[in-house]
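S.K.: Residues per chain are reported as follows:
Protein chains: 2
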Amino acid sequence: MVNNSQHPYIKDGWFREINDKSFPGQAFTMTVDSILYEARSEFQDILIFRNKVYGTVLVLDGIVQCTEFDEFAYQEMITHIAMFAHSNPKRVLIIGGGDGGVLREVAKHSCVEDITMVEIDSSVIELSRKFLPTLSNGAFDDERLDLKLCDGFKFLQDIGASDVHKKFDVIITDSSDPEGPAEAFFQERYFELLKDALNPNGVVIMQSSENFWLNLKYLHDLKNTAKKVFPNTEYCYTMVPTYTSGQLGLIVCSNNANIPLNIPQRKISEQEQGKLKYYNPQIHSSAFVLPTWADKVINE
Amino acid sequence: MVNNSQHPYIKDGWFREINDKSFPGQAFTMTVDSILYEARSEFQDILIFRNKVYGTVLVLDGIVQCTEFDEFAYQEMITHIAMFAHSNPKRVLIIGGGDGGVLREVAKHSCVEDITMVEIDSSVIELSRKFLPTLSNGAFDDERLDLKLCDGFKFLQDIGASDVHKKFDVIITDSSDPEGPAEAFFQERYFELLKDALNPNGVVIMQSSENFWLNLKYLHDLKNTAKKVFPNTEYCYTMVPTYTSGQLGLIVCSNNANIPLNIPQRKISEQEQGKLKYYNPQIHSSAFVLPTWADKVINE
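The listed protein sequences derive, respectively, from chains A and B.
Residue numbers for the first sequence follow the UniProt record's numbering, so the first one is 1 and each next one is one higher.
Residue numbers for the second sequence follow the UniProt record's numbering, so the first one is 1 and each next one is one higher.
In case anyone wonders, no lab produced these hints; they're calculated from the structure.
Backbone N, C-alpha and C define an ideal beta-carbon position, used for all residues, glycine too.
Hints are not guaranteed to be accurate.
Simulated restraints, written as ranges between beta carbons of each label pair [to be verified]:
(1) Q265/A with H7/B: 36 to 42 Å
(2) E38/B with G274/A: 50 to 56 Å
(3) P133/B with N262/A: 36 to 42 Å
(4) P200/B with L36/A: 57 to 63 Å
(5) C150/B with N258/A: 57 to 63 Å
(6) D221/B with G13/A: 51 to 57 Å
(7) E300/B with D196/A: 44 to 50 Å
(8) L147/A with Q6/B: 53 to 59 Å
(9) S122/B with G13/A: 37 to 43 Å
(10) K267/B with E38/A: 53 to 59 Å
Given only the sequences and the hints, what does the whole structure look like? Please build it.
M.R.: So this is what it looks like as structure tokens:
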């Protein structure tokens with residue numbers, strides 16, 4: 001166990017996700033068997049360590065992004081809820097997602113013809129490929145991938161100004177939390193840019209950075225911000241033990257008000273289901289079911 | 001913040017739920033604003049403290065039992081899944097549940113005529129009534145309650161040997177984890193005693209002490225132990241942020257193989273729904289939906 005790290009989030013051999021702004025008074029903690037990497041990139045603080053239960057753990061600006069053991073719960077749900085809420089997604093855009101997990105999941109859909117991925121921090125891609133190779137699992141070599149190393153917000157502005165750019169069927173925002181380089185991804189202007197980049201039956205999904213135990217008011221406001229732009233906006237969630245409260249909310253939207261986003265719009269084949277560890281059509285729908293008090297605040 | 005407690009689970013002002021046997025390598029932690037009570041009862045170590053987010057926190061043998069802020073997620077789900085899986089529950093038995101939360105929820109059902117509660121540790125009842133009065137919320141004064149201060153296992157043995165004792169429609173085992181005084185509640189003989197104490201369409205539910213992230217093999221084995229005794233056995237779960245992984249599994253069983261336990265067997269009235277903060281008929285059903293990999297191990 002690591003006992004003498006100078007890293008501010010590690011004490012007495014324990015990584016402690018202490019964040020007075022986002023979740024005061026509580027912290028999930030993990031023992032640190034060894035530190036694989038610690039440095040500051042141009043954009044954020046990066047820490048990668050080993051834990052005996054969760055395997056390799058990626059931490060950005062003190063917040064757990066993913067662990068080897070439970071990453072599929074996030075990657076599969078943020079990807080496949082959007083991908084199966086669309087009847088035939090051919091062109092997919094990933095904003096962020098530098099660890100490669102969402103890319104790996106999108107690439108499992110044989111109907112997909114083009115994948116554009118826009119990541120601002122190339123060091124997250126490089127470090128994830130080196131220390132967490134099962135996250136991308138070779139998907140960075142997929143022939144359908146067009147990888148762009150730039151700011152996702154600016155990318156959307158640029159294609160919005162261009163008449164020739166083809167629009168997308170599914171857009172997945174796999175960003176870090178709003179405190180940091182991803183701040184703009186949680187504001188109304190961003191939803192407008194997403195809407196402009198989307199085909200008529202298109203679906204967008206984003207991580208909400210909160211869950212219903214942590215900050216209901218924020219989720220209510222974020223959903224209503226999305227609702228100003230998209231006539232069809234829903235909240236759902238996935239369960240991840242290394243995220244605060246053991247779950248993370250997702251906001252999913254469509255321009256088409258008639259698509260029930262909580263119901264898969266195409267049948268999953270046996271071959272497709274065989275590639276998935278977490279997602280299935282039943283959990284797609286149940287991810288939209290909330291406890292009464294949370295439902296009242298978020299959805300009413 | 002408490003900085004100088006001698007309590008073994010408190011260090012530098014943080015309560016740390018460290019347990020090398022049940023969940024090695026990880027620990028949920030909370031700041032301790034003040035300690036309200038700490039002592040050893042005849043049966044277990046009891047700690048009650050205040051946290052600025054979760055309010056009053058009850059800890060038995062180092063494991064968080066409930067907090068003021070999130071207790072309803074556990075109390076409502078373990079109670080109402082069983083109560084609504086029965087079409088007309090009149091006689092209810094609670095094994096454990098000394099904090100009074102399950103009793104409070106059972107008492108909300110006007111169809112209930114008798115409630116028997118069997119708690120081994122009277123100090124848990126006394127301390128909860130004093131420090132966590134909203135848990136029982138006056139339910140210990142309910143005229144339908146017959147409170148017995150004795151061992152639940154022995155109580156079931158005794159009524160099994162008695163011909164005159166009326167059987168129960170719903171039995172709820174709200175115990176602590178198997179490491180400690182509740183050990184016998186997780187073994188085949190206990191399920192046999194439950195079966196003997198149950199009316200033909202009766203329903204039993206128990207906390208499983210684990211969740212699908214922590215110990216899938218244990219849940220598979222526990223469910224199969226129950227299945228040896230009950231033809232109808234299901235796994236479901238509730239989401240509680242102060243429990244490890246943010247969720248806790250429940251085992252629900254019936255003698256009647258034809259009752260779909262995942263579907264409420266009676267309509268919830270508007271008045272009944274108005275008293276509930278977490279449970280609703282939709283979340284009753286979705287609590288039985290598992291991620292694919294967990295479903296395969298627990299249910300196949």
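S.K.: Give a verdict on every hint.
M.R.: Against the structure, the hints come out as follows:
Taken as a hint, the range 36 to 42 Å is violated for the pair Q265/A and H7/B, whose Cβ atoms sit roughly 54 Å apart. Range check, E38/B to G274/A: about 52 Å between beta-carbon atoms, so the 50 to 56 Å window is met. A hinted range of 36 to 42 Å for the beta carbons of P133/B and N262/A is consistent with their spacing of about 39 Å. The beta-carbon spacing between P200/B and L36/A, approximately 59 Å, falls within the hinted interval of 57 to 63 Å.
A C-beta distance of roughly 60 Å is found between C150/B and N258/A, which places it inside the suggested range of 57 to 63 Å. Distance hint check for D221/B and G13/A: the Cβ-Cβ separation is about 32 Å, which falls outside the suggested range of 51 to 57 Å. Our hint of 44 to 50 Å for E300/B and D196/A holds, since their Cβ atoms are close to 46 Å apart. The supplied range of 53 to 59 Å is met by L147/A and Q6/B, whose beta-carbon atoms lie about 56 Å from each other.
Hint check: S122/B to G13/A, Cβ distance near 40 Å, so the stated range 37 to 43 Å holds. For K267/B and E38/A, the Cβ-Cβ distance of about 57 Å falls inside the hinted range of 53 to 59 Å, so the restraint holds.
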